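Engineer: Listed here are the chains, written in short residue letters.
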Amino acid sequence: MSTTTRTVLSRTIVAVVLAVLVGRVLATLSVRGQAIAATAPSVQLERLTADFDTRIRWSLDDDAELFFALERHVPADAMVMLYATEVPDLEHTRDRMVLLQLRLQALRYPAEVPMGYGPFENAAAYASLLQDGMWLVNVTPSTPVPLTEAFDVVERTDAFELSRCVMSRR
Amino acid sequence: MTLSWLGIVHVVLAPLAFGCVIARWAAPRGDRLFVLAFAQLAGTLALALLEFAWLAARLDVAAFRFVPLPVAAIAWFATRRAIARSGDEAPLDPSSHGPGASRAARVTLAIAVTLACVFVAHFALAGSETLVMIGDEANIWAGKAKAIWVENGFNAGLGERLRSDFTLQHQDYPLLNPLLQVFTFANAGGIVHVGNRIPIFACVVALVLLVASSVRRAAGSWAAAIAVLLVAGCHGIVEECENAAADGLVALGLLAVLECAARARSDVRWWRGVGIALAFLAWSKNEGTMLAVCAVVALGLDAATRGPLRGALRVAATAIPAAALVLLQWGFNFAAGVRNDLIGNPDAPPFLERVVAQAWDHAPKVARAAYERGVLDPLQTNWIVLAFVVLALFLPRIAWRHARTATIALALGMLGFVVVYLGTSRDIDWHLRWSIDRILFQLTPACALAAATIARGAFDGKPRP
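As given, the protein sequences belong to chains A and B, one line each in that order. My numbering applies: residue 2 is where the first sequence begins, and numbers increase by one. My numbering applies: residue 43 is where the second sequence begins, and numbers increase by one.
Rather than coming from a laboratory, the hints here were simulated on the basis of the structure. Predicted, not measured: the structure shown is a model, and the values here were computed from it. You may find that some hints are simply not true.
[As the list claims (entries may be wrong)] Chain A is faced by these chain B residues, among others (derived, beta-carbon under 8 Å):
| no. | residue |
| --- | --- |
| 1 | Phe161 |
| 2 | His164 |
| 3 | Trp425 |
| 4 | Phe501 |
Even for Gly, the Cβ is constructed at its ideal location relative to N, Cα and C.
My request is simple: use the sequences and hints to build the entire structure.
Structural biologist: See the structure below:
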C-alpha cells in the first residue's frame, strides 16, 4: 500500500470516528440539556440547602418513616427485629430490611444496629422475642399478622410493653 | 451534623492552597486550566499525606483542621524564597492555547468547559438528595473514614474496628479518599453524610478541566471542546459526581500521568509532575495502583525504545514517590491486620491458579459485559473508549509514533482488568455488574487524550510537543 493510500485511509478512519463522536456530543447535549432544563431552579436551590431530615426522606423514600420511627423511639443499643410476614414479595422485603439496616448503621455510626429478620410462623415466637427485650418492627403492617395474638401471649406473662413495638406507617 | 458554609470553603480551599505551592514548582505557568487541575491533584495528595503524618503521630484528629492553611502558607513563602534563589521555577507551558487557535475555537472551548461544569454541578446536586449510607461510597470509603474518626486517628483500636465491622469492605484499599473525608469530619466537628463528598467532587471538577487542557494541547481547542463535553456528559461521570467513591480520583491520576509524560517530551522538568501524578494514582485505589504500575511500564518501554538508558533510569526515579506510598499503605495494612481479598483470600486457591482455572468460563462474560456497557450503551462512555480502541487497532503505526506511552499504558491497564476478572474469587456476574461501569470510567478520560493524540497524528504527521 502506498503512503498516499495509507494516509487517505487513516484520515478516513479518523474522520468517521470524529463524525460519530460529534454525533455523541449532540446526543449528550440533548439528553443532559433536557434534564437540566426540566429541573426548576427552585429544586436546585432546595437540593443545595435542604436540612438533614429532608435528605433522609429523599434518600429512603417509603422507608423514611420507618427510619424516623427507629431513630426516635428505639434506644441506640437495642436489638431490633425487623419482621415481615407471608407477603408475595418476601425476598424483596427482606432485601429492603437488609438495606435499611446498613443505612441505619451508616447514619448512627458508631452505634451498632443489630437486627434480625422475620418472619416467624407463630405468635409464641414473637412473644418470646419481646420477652427477651427485643424490639419488633413490622415493615409490612398491611398484611395480616398474628401480632395481636402475640401481644396476648406476652401480656399474659406481664412482659409486654406497648412502646416496644414500632409500627411503620408504610 | 452538617458541614457549615465556612467549613465547605475550607475543605475546598485547603487542598488548592497546597496545590498552588506545588504548582509553582512542578506545573506550567500559562495554561490556567492545567494549573488549576494540577493544583487540585497535587494539593489533595499533599493534604492527605500531611494528615497521614498527623494521625501517625497520634495527634488529635479534630485539631487537624487548623493545620493545612498555616502549613501551606509557610510552604508558600519557603518555596518562593527557594525558587528566587535557584531560579528553578516551573516551566512556561509551550502550547497553552496555541498560537494557531482561532478566536472561534477558543470561545467554543470556553463554552464547552462552562457547560461541562454545569453538567457536573447538576449531577452533584442531584446526588446530594441521598446521604452517604449505602454502596461502595459508604461501605468502603466513608466507613473507613468513620472508623478513623471514631478511633481518633491511627490508634490501637483502629485495626480491630476495621477487621470487625461487618459493614466495611475492602479494608485494604488506599487511604487517600478516607483521609479526605476525615478532613471534612474535622471541619464539621463530627461525622457528616453529604459534605464528605465535596473533596472527592472537587477532584472530578479538576478532571474535567484536565481533559480540556490535555486534549487542547494534543489536538487543539475544537477537539478539546468535543472531548470535555463527551467526558462530562457520559453516564460514568454521573456516578462519580453523586458519590464519594474513588474512581474519579483514579481517572484524574491516570490522565495526569499521561499528560505530564507527554509534556515531558519537550521539557524534562515535567517529570516532576509525572512523579506527583503517579503517587496520586497509586494511592487512589487498588485499581489506581495497578494502573500506576502499567503507566510506569509504559513510560519505561517508551524511554527504552527512544534512546539511552538514562531515560529508563529517570522513569525509575520518577516512580519512587509512588512506590513509597504503596509501601506506606502496605505497612498500614499490615499494622491494621487487613489484607487484600483478591490476592490474600485464605478461603480461595491462589490468584494465578484461579486465573487459569476460570479463564475459559469468565473470558466470554467479561467480553460480553464490556461490549454491552462500552458499546451498546453509548451514553456510558460516550464511545470514547471504543474510539480509542478502534483508532489504536486500525492505526497502530500512528498510535505507536504519536501516543506510544498512553497506548501501552491503556492496553496494559485493560489487560490487567481482564486478568483480575479472570481470577476473581467472587461470582463473576455479580463482580462485573457492580464494577465494569466504574472501570470503563476510570479509563475514559485517558482514552480521550490518547484518541485525540492519534487522530491529530493522522492529520499532522508529526507529534505535537
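Engineer: Next step is simple, just say for each hint if it's right about the structure.
Structural biologist: Consistency of the hints with the structure:
1. With its C-beta approaching chain A no nearer than about 5 Å, B/Phe161 sits inside the 8 Å limit, and its interface hint holds.
2. Because the smallest distance between the Cβ of B/His164 and any Cβ of chain A comes to about 5 Å, under 8 Å, the interface hint for this residue holds.
3. Taken as an interface hint, B/Trp425 checks out: its beta carbon lies about 6 Å from the nearest beta carbon of chain A, inside 8 Å.
4. Using the Cβ-Cβ criterion of 8 Å, the hint placing B/Phe501 at the interface with chain A is satisfied: the shortest such distance is roughly 6 Å.
Going down the numbered hints, you'll see the structure goes against none, and every one checks out.
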